[in-house]
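Peer 1: From first to last, the protein sequence lines stand for chains A and B. So the first sequence is numbered by our numbering: it starts at 1 and just counts up by one. So the second sequence is numbered by our numbering: it starts at 1 and just counts up by one.
Some hints could be false.
[Claimed, not checked] Which stretches of chain A does chain B cover? Using the computed rule of at least three CB atoms under 8 Å from a CB of chain B, they are:
| no. | stretch |
| --- | --- |
| 1 | 23–31 |
| 2 | 176–185 |
[What the hints assert, rightly or not] Distance condition first, Cα-Cα at most 25 Å in a straight line; then the derived DSS-like pairs of lysine-lysine:
| no. | chain 1 | residue 1 | chain 2 | residue 2 |
| --- | --- | --- | --- | --- |
| 3 | A | Lys224 | B | Lys135 |
| 4 | A | Lys58 | A | Lys4 |
| 5 | A | Lys224 | A | Lys147 |
| 6 | B | Lys172 | B | Lys138 |
| 7 | B | Lys21 | B | Lys102 |
| 8 | A | Lys106 | B | Lys183 |
| 9 | B | Lys149 | B | Lys134 |
| 10 | A | Lys41 | A | Lys11 |
| 11 | B | Lys11 | A | Lys196 |
| 12 | B | Lys268 | B | Lys238 |
| 13 | B | Lys183 | B | Lys163 |
| 14 | A | Lys32 | B | Lys296 |
| 15 | A | Lys32 | A | Lys106 |
| 16 | B | Lys183 | A | Lys129 |
| 17 | B | Lys238 | B | Lys201 |
| 18 | A | Lys219 | A | Lys147 |
| 19 | A | Lys32 | A | Lys11 |
| 20 | A | Lys224 | B | Lys138 |
Derived from the structure by calculation, the hints contain no laboratory data. Backbone N, C-alpha and C fix where the C-beta goes; we use that ideal spot for every residue, glycine too.
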Amino acid sequence: MEEKKCELLRKEKIGHHIHKLEVKMDDAVLSKDCGKIRTIKWEGHVFEHPILYVRISKRRKKYYLFLDESKSECSLLRDRFPCSNFYLQEDEEYVPAYVPRNNDQKVISFIDEQSLFDTLPVIDLLLSKNIEQQIYAAGSLSDNKIKQYLNRQLQENVTYMTSFTSTHISSILSGQFIGTSLSITGTWPVVQELKKLAVSQGFTEEEIQCKGVGPKQKKVFCVKCYSINELKEDMNCPDCHADLDVSDHFSRRLEAYLGYIEIE
Amino acid sequence: MTAQPLKVMVKDIKRESPFVKSFTLIPAGSKPLPGFSGGSHITTYLRHNDQTMERHYSLTNTPGRPGYYKIAVKREENSKGGSIYFHESVQVGDQLDISYPKNNFLLSFQGSRHIFIAAGIGITPFMAMMKELKKQDKSFELHYAAKSKEACAFYNTLLSHFKKETHFYFSKENNRMNPELMKNQPIGTHVYFCGPEAMIKEYANTAASYGYPEANIHFELFSAPDTGPKHAFQVYLKRSNMWLEVPEGESLLDTLLAHEIDVPYSCKIGGCGSCQQFVSKGEIDHRDLFLTETEKRSTDVMMTCVSRANSPSIELDI
Ligand code: FES
Chain A
1 MEEKKCELLR KEKIGHHIHK LEVKMDDAVL SKDCGKIRTI KWEGHVFEHP ILYVRISKRR
61 KKYYLFLDES KSECSLLRDR FPCSNFYLQE DEEYVPAYVP RNNDQKVISF IDEQSLFDTL
121 PVIDLLLSKN IEQQIYAAGS LSDNKIKQYL NRQLQENVTY MTSFTSTHIS SILSGQFIGT
181 SLSITGTWPV VQELKKLAVS QGFTEEEIQC KGVGPKQKKV FCVKCYSINE LKEDMNCPDC
241 HADLDVSDHF SRRLEAYLGY IEIE
Chain B
1 MTAQPLKVMV KDIKRESPFV KSFTLIPAGS KPLPGFSGGS HITTYLRHND QTMERHYSLT
61 NTPGRPGYYK IAVKREENSK GGSIYFHESV QVGDQLDISY PKNNFLLSFQ GSRHIFIAAG
121 IGITPFMAMM KELKKQDKSF ELHYAAKSKE ACAFYNTLLS HFKKETHFYF SKENNRMNPE
181 LMKNQPIGTH VYFCGPEAMI KEYANTAASY GYPEANIHFE LFSAPDTGPK HAFQVYLKRS
241 NMWLEVPEGE SLLDTLLAHE IDVPYSCKIG GCGSCQQFVS KGEIDHRDLF LTETEKRSTD
301 VMMTCVSRAN SPSIELDI
C-alpha cells in the first residue's frame with residue numbers, strides 16, 4: 001500500500017491519551033470514509049501505530065485522525081509527534097465500527113470503554129452526514145476528558161450507564177422508528193446479547209451492525225422450545241431438557257447453531 | 001408449471017363493484033383443494049378460440065384449508081380477453097382448469113406490524129393476508145385507494161371485518177393516498193404494495209428513502225410493466241452449445257420455452273425471481289422489479305421473462 005503525504009492543520013487532546021488531528025492530504029487521498037492507518041512515517045522514522053481516520057471534506061481532502069498514544073511504547077512518538085508533514089499508510093483490512101446505510105435517519109450506538117476509540121471517527125462521520133445519533137456507553141468511562149469531548153460533540157445524545165440491562169435496552173429499542181440503525185460494539189457476549197434483544201424488537205440484519213472483541217460464545221437454538229443457550233459438550237437444552245444434536249447450520253438471524261432433537 | 005392442472009367448478013359468482021366480480025371455486029371431483037397461505041395466487045387456464053389464456057388471480061378467501069378458492073376479477077376493457085371472458089362467459093356450474101396455489105407475496109414472519117397499500121384491484125391479495133393476520137391477532141393496517149366508494153371492490157366486507165384497520169382514499173372525493181403514510185412507523189414494520197407498476201415504484205422508492213430495509217418491502221405486480229421496445233437479440237446457450245434468436249416483441253423466456261428448453265418460471269412479469277438465469281457474457285437490460293438496483297449492477301443473473309440484452313448477443317449458462 002502506498003504512502004500518502006499529509007499536512008497537519010490542527011491538533012487537540014481530547015482524552016488523557018487520545019489526540020485528534022486535522023490533516024489535509026497532499027495529493028493522494030485516503031481510500032475510505034472511515035478507516036485505519038497502519039504506519040506513519042516522518043523524518044525518516046516509521047511507526048506502526050493504530051490511528052483511525054474519518055474524512056470530513058472530500059473536496060478539500062481533509063481528514064480527522066485519532067491517535068491513542070497509550071498504545072505506543074515510543075516516547076519519541078509521544079513527545080514530538082506530530083510535526084507539520086508526515087506520511088500515512090493505510091490498513092486495508094480494518095472494518096469500521098459502523099458503516100452508514102444509504103438512508104439512515106438515525107443511528108443508535110452501544111459502546112463500552114474498549115470500543116470507544118473505534119467509535120470516535122464514526123461520530124464525526126455521522127455528524128458530517130447529518131445523521132441523528134444516540135450513544136449509550138456502558139461501564140464507567142474513567143477518562144473525564146473524553147467524556148467532556150463526547151458531551152461537546154453530542155450534547156444530550158450520549159448516555160452513560162453502569163451496564164446494559166435487558167429491560168432498559170428493550171425499552172430504548174422498542175420506541176424506535178424505521179430508519180434507525182444500530183451499531184453494537186464491545187465484547188462478543190455483550191454484543192450477542194444486545195443483538196438478540198434488537199432482533200426480538202423487530203430489527204433486521206440490515207439494520208444492525210456488530211463489531212465485537214474477544215472470544216465469541218457459540219449459541220445453540222433448541223428446535224423444540226425455541227430457546228437459545230450456550231453451546232456445551234453433550235448438549236442438553238437447559239430450558240426443556242431435550243438432548244440436542246447440534247448441527248453446523250448457523251442462523252445469522254438468531255446468531256445460533258440449530259440444535260435438533262437427538263433420536264436414539 | 002408442468003404439474004397437472006386442478007379441475008374446479010364455479011360455485012358462486014358475486015358482483016363486488018361495477019367492474020369486479022368474485023368467483024367461488026370448488027373441486028370438480030372428489031379430491032379436496034390444496035391449502036394455501038395469504039398472498040397466494042392461482043393461474044387460470046381459459047380455452048378460447050383454440051388458444052389457452054393464462055391469467056393469475058390472488059386468492060381472497062381465508063387461508064388455510066377452506067376447501068374452496070375465491071378470486072376477484074376486474075373487467076379490463078383493453079385486456080386481451082381474459083377478464084372479459086370471466087365477466088361475460090363464465091357461469092355458475094362451469095368447469096375451469098387452474099394451477100396449484102403459488103405464493104410469491106408472502107407475509108413476513110419477522111414483521112411485528114404490517115402495512116398493506118392497495119390501489120384498485122390490487123386489494124385482492126390483501127383480503128386473504130388480512131384474514132390470516134386477524135386470525136393470529138397480529139397488528140396490521142390497510143390503505144386502499146380507489147376512484148370512489150361505488151367503484152371500490154369489497155367496500156362493505158372491509159367495513160364489516162376490518163373497520164378499525166382500513167383507511168380508504170377516494171380520488172373522486174379528492175382524497176389521495178400518499179406514500180408519506182409509511183413515515184415514522186415503528187421498527188419491525190413491513191410494507192406491502194399491490195397495484196400498477198408506477199404506484200409500486202413510487203412507494204418502494206419512498207419506503208427505501210425512509211430507511212426501510214429491503215427485506216421489509218414487499219410487492220406484487222399485476223401485469224408486466226411496459227418497459228419500452230422489445231428489440232431482437234441473439235442468445236448463445238453455453239452448455240447446450242446452441243444459438244437462438246429472440247425475435248422482436250417476444251421474451252427470452254418464451255423463446256427458450258418455444259425451443260423446448262425446460263426452464264423454470266412463474267409470474268412471467270418480472271416480479272417473482274423464478275425465471276432467473278446466469279449470464280456469462282453480454283450486457284443485460286434489466287427490466288424486472290425483482291432484483292434490487294444493487295443486484296442489477298453487481299450480479300450476473302437476469303430475469304428471462306422480461307429482461308433483454310443491451311448488447312447484440314448474450315451468453316447464458318444453460
Ligand atoms: S417468471 Fe417471475 S420473474 Fe420471471
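Peer 1: Now look at each hint and say whether the structure bears it out.
Peer 2: The hints, checked one at a time:
Only residues whose beta carbon comes within less than 8 Å of a beta carbon in chain B count, and the stretch 23–31 of chain A has 0; fewer than three means the coverage is violated. With 6 residues bearing a CB less than 8 Å from a CB of chain B, the stretch 176–185 of chain A meets the requirement of three and the coverage assertion stands. Proximity of A/Lys224 to B/Lys135 is assessed by CA-CA distance (about 24 Å); at most 25 Å being required, the pair is judged to hold. Pair hint A/Lys58 plus A/Lys4 holds up; C-alpha atoms about 15 Å apart against a cutoff of 25 Å.
Our distance criterion of 25 Å between C-alpha atoms is broken by A/Lys224 and A/Lys147, whose separation comes to about 46 Å. Restraint check for B/Lys172 and B/Lys138: not satisfied, since their Cα atoms lie roughly 32 Å apart, outside the 25 Å limit. A distance of roughly 22 Å separates the Cα atoms of B/Lys21 and B/Lys102; the hinted pair therefore holds under the 25 Å criterion. For the suggested pair A/Lys106 and B/Lys183, the alpha carbons sit about 14 Å apart, so the restraint of at most 25 Å is met.
Restraint check for B/Lys149 and B/Lys134: satisfied, since their Cα atoms lie roughly 24 Å apart, inside the 25 Å limit. Between the alpha carbons of A/Lys41 and A/Lys11 the distance comes to roughly 18 Å, so the proposed pair stays at or under 25 Å and holds. For a cut-off of 25 Å, the pair hint linking B/Lys11 to A/Lys196 is broken: about 50 Å separates their Cα positions. For the proposed pair B/Lys268 and B/Lys238, the alpha carbon gap of about 23 Å is at most 25 Å, so the pair holds.
The straight-line distance between the Cα atoms of B/Lys183 and B/Lys163 is roughly 22 Å, inside the 25 Å bound, and the hint therefore holds. The suggested pairing of A/Lys32 with B/Lys296 holds, with an alpha-carbon distance near 24 Å, which does not exceed 25 Å. Between A/Lys32 and A/Lys106 the CA atoms are separated by roughly 21 Å; this keeps the pair inside 25 Å, and the hint holds. At roughly 20 Å between alpha-carbon atoms, B/Lys183 and A/Lys129 fall within 25 Å of each other, so this suggested pair holds.
The straight-line distance between the Cα atoms of B/Lys238 and B/Lys201 is roughly 35 Å, outside the 25 Å bound, and the hint therefore fails. Pair hint A/Lys219 plus A/Lys147 does not hold up; C-alpha atoms about 35 Å apart against a cutoff of 25 Å. For the hint pairing A/Lys32 with A/Lys11, the CA-to-CA distance comes to about 21 Å; that is within 25 Å, so the pair holds. Straight-line distance between C-alpha atoms of A/Lys224 and B/Lys138 comes to about 23 Å, which keeps the hinted pair within the 25 Å bound.
Going down the numbered hints, you'll see the structure goes against 1, 5, 6, 11, 17, 18, while the others check out.
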